[in-house]
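With the hints as your guide, set chains B and C onto chain A.
Residue numbers (our numbering), protein chains in the order written: chain A, 1 to 161; chain B, 1 to 290; chain C, 1 to 798.
Among these hints, one or two may not hold up.
Straight-line C-alpha distance at most 25 Å; calculated SDA-like pairs for lysine to any residue [said to hold, decoys possible]:
(1) C:K669 / A:D83
(2) C:K604 / C:R24
(3) C:K33 / A:A96
(4) C:K33 / A:D83
(5) C:K669 / A:A96
(6) C:K442 / A:D147
(7) C:K245 / C:R490
Label pairs and their in silico Cβ distance ranges [as the list claims (entries may be wrong)]:
(8) A:H119 / B:E265: 38 to 48 Å
(9) C:D450 / B:L45: 54 to 64 Å
(10) C:E251 / A:D33: 46 to 56 Å
(11) C:A318 / A:H120: 10 to 20 Å
Worth flagging that the hints you see were computed from the coordinates, not collected in a lab.
Given the structure is predicted, the values throughout are model-derived calculations rather than measurements.
No residue lacks a Cβ here, since even glycine has one placed at the ideal position from N, Cα and C.
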Amino acid sequence: MSARIDITLTVNGERVSRSVEARRHLIDFLRIDLGLTGSHAGCEHGVCGACTVRVDGEIVRGCLVLAASLDGAEVTTIEGLTDTGEVADLQEAFVARNAAQCGFCSPGMVIAAADILRHHPEASRAEIREHLSGNYCRCTGYQAIVDAVESTLATRREGAR
Amino acid sequence: MKWPAIGYLRASSLDDIWRARAEHGDAAQLLAGGQTLLATLAFRLSEPKVLVDITRVAALRGVRVEGGVLRIGSLTRHAELGRDPLVAQHAPLLARAVPLIAHPAIRNRGTIGGSLAYADPAAELPACVVALGARIVALSPQGERRIAAEDFFTGLLSTALTAEEVIAAVEVPLATPASRSVILEVARRSGDYAMAGLAACIGMEGARATSARLVFFGVGSGPVLAARAGAALAGRTLDAAAIAAAQAALNEDLDPPGDMHGPPEMKRHLARVLLQRAIATTHPATEAAA
Amino acid sequence: MNEIPTPASIGLSREDLPNSYIGRSVPRPNVPKLVQGRATYTDDVVLPRMVHAAFLRSPHAHARFVSIDTSAAMQVPGVVRVFTGADIAKVCDPWVAVLAHLKGMKSAPQHPLPLDRATWQGEPVVAVVADSRAAAEDGVAALRVEWDPLPAQVDMETALAPGAVVIHPELGDNLVFQRTAVQGDVDAAFASAPKVVEATFVTGRHTGVTLEPRSIIADYNRADGTLTVHHSTQAPHMMQNVFAKQLRMEESQVRVICKDVGGSFGIKVHVYPDEVAVAAMSRVLGRPVKFVADRFESFASDIHARDHRIKGRIAVDAEGKILALDIDDLTGIGPYSVYPRTSAIEGNQVVNLCGGPYDFANYRCTTTVVLQNKVPTCQYRAVGHPIATAVTEGLVDLAAQAIGMDPIELRRRNLVRDDAYPFTSPAGMKFEGLSHHASLAKLLEMVPVDRIRADQAEARARGVYRGLGIAAFIELTNPSPFMYGIGGARISAQDGATVRMDPDGSVVVASGVTEQGQGTEAILAQIVAHGVGVPVSRVRVITGDTQATPYGGGTWACRGAGIGGEAALQSAIALKEQLLTVAGTMLQANPASLDIVLGEVVDKATGAQRISLAEIGRIVYFRGDTLPKELPREFVQTRHFITKDYPFAFTNGIQACWVEVDPATGMVKVLEHWCVEDCGRVINPLLVDEQVRGGIVQGLGGALYEHCIYDGEGNLLTTTMADYLVPMAAEMPEIHVGHVETPTKESLLGAKGAGEAGTAGAPGALMNAINDALRPLNAVVTEQPFTPARILRALGAI
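If we strip away everything but chain A, and leave its shape as in the complex, we get (with noise of 0.2 Å):
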């Protein structure tokens, strides 16, 4: 056993090594370690989903991942997502609809949001909201947010056509 644990992983397509405190969770890895304050850590709890990550490919709360399992897994946040332009319909759906305030809960909200589009391309809106529903947002109404996803799904759903 012990109290620092060595891990190799990718984060953001990079191969990233560290040696990490057992205690360090993945957002304060991500932030401290890393330099990658995009991810927040909003109740480090496990409740407002502010701190969305990608593990493996799914969405995760990092807040409730220990950085020292990770040895070989793959990560990305919403820097890496942003540079691949995965998702730059949907910042940019974000961004023409005001649906972000004070953009604290954005990240997770692209991060939770981009996992609709890959894995429920025909959500409805009521689905849409269900599925954001761990992602806490306390400043707009929600409704900026459904509106841009929605909307997203529906030009990628044009374009497949």
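For chains B and C alone, coordinates are given in the frame of chain A:
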């Protein structure tokens, strides 16, 4: 709060788990999906010395039909449970329970084994496995033993697992065309722990119930098998009278505590409502009787 | 006075207006960075030699501490220093939060860390500074404090009763403030009224839950004697004064920098003892100290609000004319009034706002503000408005029911006429111009009342209970010094803006109002682009730095657009005049014959382009020698704005809520919600609409879910986000927003505030909707939040 100082061990095999336990004894805490355990660390409510990460132990994975039962590996994540075709076919109750568990990001990490081991009285899966009459496969260096789900949950956040054991899998009897199952809950918001919930498995013969396992959650110290209410339905046509009899029997089955959402009477009331709605769902003909 | 081209004046719809950004849905330039994770919140700032603070907080609602043993904590790896109240008091003075114009108000001195006694569970008592937050928390865990628990005064109803625990004995009792407003002869009106209805309302103590917790880095530099504070705050200049005053420094030695703020809603406009302690610790240590509240700390130390019990009576005649309102408000505010705004304002607002939309003769309202051993309360979004609106509109609905009149009709008969302004309300509020009837008419265009009533009847026949609720409201915005300044608080009601043109023809505006996500920077850019005549993309905005912006009040009471926006407009116009003066000289044209359109100086009559601003910039900045010597060329202009004619610019609006109540479970589903509001000139509908929606959702949250629940000993039970429930996407309805525009004549811009309208009206509309749904079942609920348990109890089901 930040997590307290802890140690971390990565187990790659069952032997790694046994070794870690031999070395650290009670100080070792198994870590699966971590969706509850790690949240409790953030409250500094639990301060385990060593987390033993079991998520890479292949022997605890997989869903298959074997020996006439559906065997669900304990590391099966909620999201996997929700999309597994074998689960959908043979244990549809579990598939139906998944959307009620927290939120997508949590479901991507949380495991069935973790949920059962933690035994939260308001959690869906413990109630489901009791309703399904499943057996919990407990593994230790001495071998396997099978524990009936209704005997597995022994009180608030406690189970029949010994300190040496780990949950290897859950074995669920295969659903038959005659079996109906339903899960319903009343929660303040989508994904919240239920103020009251019901997982029910009812055997039907025509309009008559042959058996009824009604398991309530969020209303006691663990999943509560409402035996008297179930008996009140067994062998009867599920009409308004049968439902009323079962609702009346619930009074003795349940002894709910109050919580921040309301007093015990509210939970009793909601349990009666859920019972009626569950029957209506499994047996639409009685809807009018409501 | 108002020379801003209006769409009507030049015959264009707003969207087609080429040179104006006022009234257009311009996307916020801040959003791309937010959605790409490139914002800079306070916790994202990392400074050299920075250390981290964590606090031991009182586990008791009221307790003396006998001893504090720090020796074990000092042995924890990473721990740098431990500070007690006595340590902090050496460099930091206590404060007392009273305002002189709130007659008779009293409160006790409050230290950053108490000297001998904790008065609420969660009060910071000892600070540990370490090289990481985790190590600081380890240090806190190693502190040994010997407590002597004292009886706690928890229930506000008994705070003034004999035998109450007097929280600050030197004050004599627990009464902080009491005020009664009286108009007319209330007792006579009730005595002779054909119909009197009464009810008791409760609003649940709740809190702001900004997603970004309170965050601060204080950096005292011994080399130059300056304190630089990176702070998630609404009011940098106010905090500059507070830090200077409490730490015995000159105001000019303190700089407050506020980059991106992750939500505020009033939570981040107050002086928090832990944050002042952080500044004091940095002063002592001479290095940066960071403190970011974790969520447990947020629930136990961010201000709470709206802990009120209100008894109300309404008198009406058979025609539905409101004859009198009689309101008795009681509120518990915790053990201290919060500095510097004080905790008496919320109750005072209830007195000011009850009955606000209506024209009636007899009014009496008393607020009684008392101490208790709970988290201090203070101003949170829409201060007092949701309480006053719910009480007023709840009583109006009950009155309508009692005389068998349609509640919409009763409102129509009593709302202040649109042609009655200026108008002084029975509570003494002066209204420059409101639009209750136009707003009601607009609402009725949007809400399909007939279809809803038919659906309601059809659903009831199936045993499904739906209800429609209405709530009219007024909202206080654009405050003058009458709000705080006259009471002695150094809280600026004026605000300034500096607009400059750089050599490339781009424009920079620096403003004293701040960006909290509501879109301040976007509307400032729009206003300045409009005022100068440049593309909005050519305007950059600086806010949130006391060293770089004109002095101002920041963000509170919906003043950003109305006050800060007007200052920016005036500065922009001044810059434009200066630019045209220079251009006129260059072009040998009369400046009055020129205009600036999208960064080009044009001939006003023909629209022909004459010279670009970039070219003017090039000449002025690099070839000033070619211009006449005496030509003024001040391409930096500053203007300040303060309202003068009215203490506040009131706005108004009306909301409707359509709900379904499940009488078996007590669950409420909000099906749809509408709001018409009149914030004067709308600068950016896209922003206003989602502001209103967000406000409505916060209002619905308080009415349905949010509740700081205490046990009988003053222990806070809702300390996690799993226990304190906030509104989430799945449960929130589609919200329709409409506008009526009655610009204020106090400014050229004509804008009033819009940020609190949603929150002001939503709880009242929801309550009336629930009660409309429950009416056939003879149940009424008046206690927020409207939980399943309360609804089931009202129905007699439990």
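Results of checking the hints against the structure:
1. C:K669 / A:D83: violated (40 Å)
2. C:K604 / C:R24: Since the Cα atoms of K604 of chain C and R24 of chain C sit roughly 23 Å apart, the hinted pair holds (cutoff 25 Å).
3. C:K33 / A:A96: At roughly 13 Å apart (the allowed maximum being 25 Å), A96 of chain A and K33 of chain C satisfy the hint.
4. C:K33 / A:D83: holds (13 Å)
5. C:K669 / A:A96: violated (29 Å)
6. C:K442 / A:D147: holds (24 Å)
7. C:K245 / C:R490: holds (11 Å)
8. A:H119 / B:E265: 38 to 48 Å: Taking Cβ atoms as reference, H119 of chain A and E265 of chain B lie about 42 Å apart, which means the hint holds.
9. C:D450 / B:L45: 54 to 64 Å: Holds, since D450 of chain C and L45 of chain B (Cβ atoms, about 55 Å apart) stay within the stated range.
10. C:E251 / A:D33: 46 to 56 Å: Since the Cβ atoms of E251 of chain C and D33 of chain A sit about 39 Å apart, the hinted range of 46 to 56 Å is violated.
11. C:A318 / A:H120: 10 to 20 Å: About 57 Å separates the Cβ atoms of A318 of chain C and H120 of chain A, which means 10 to 20 Å is violated.
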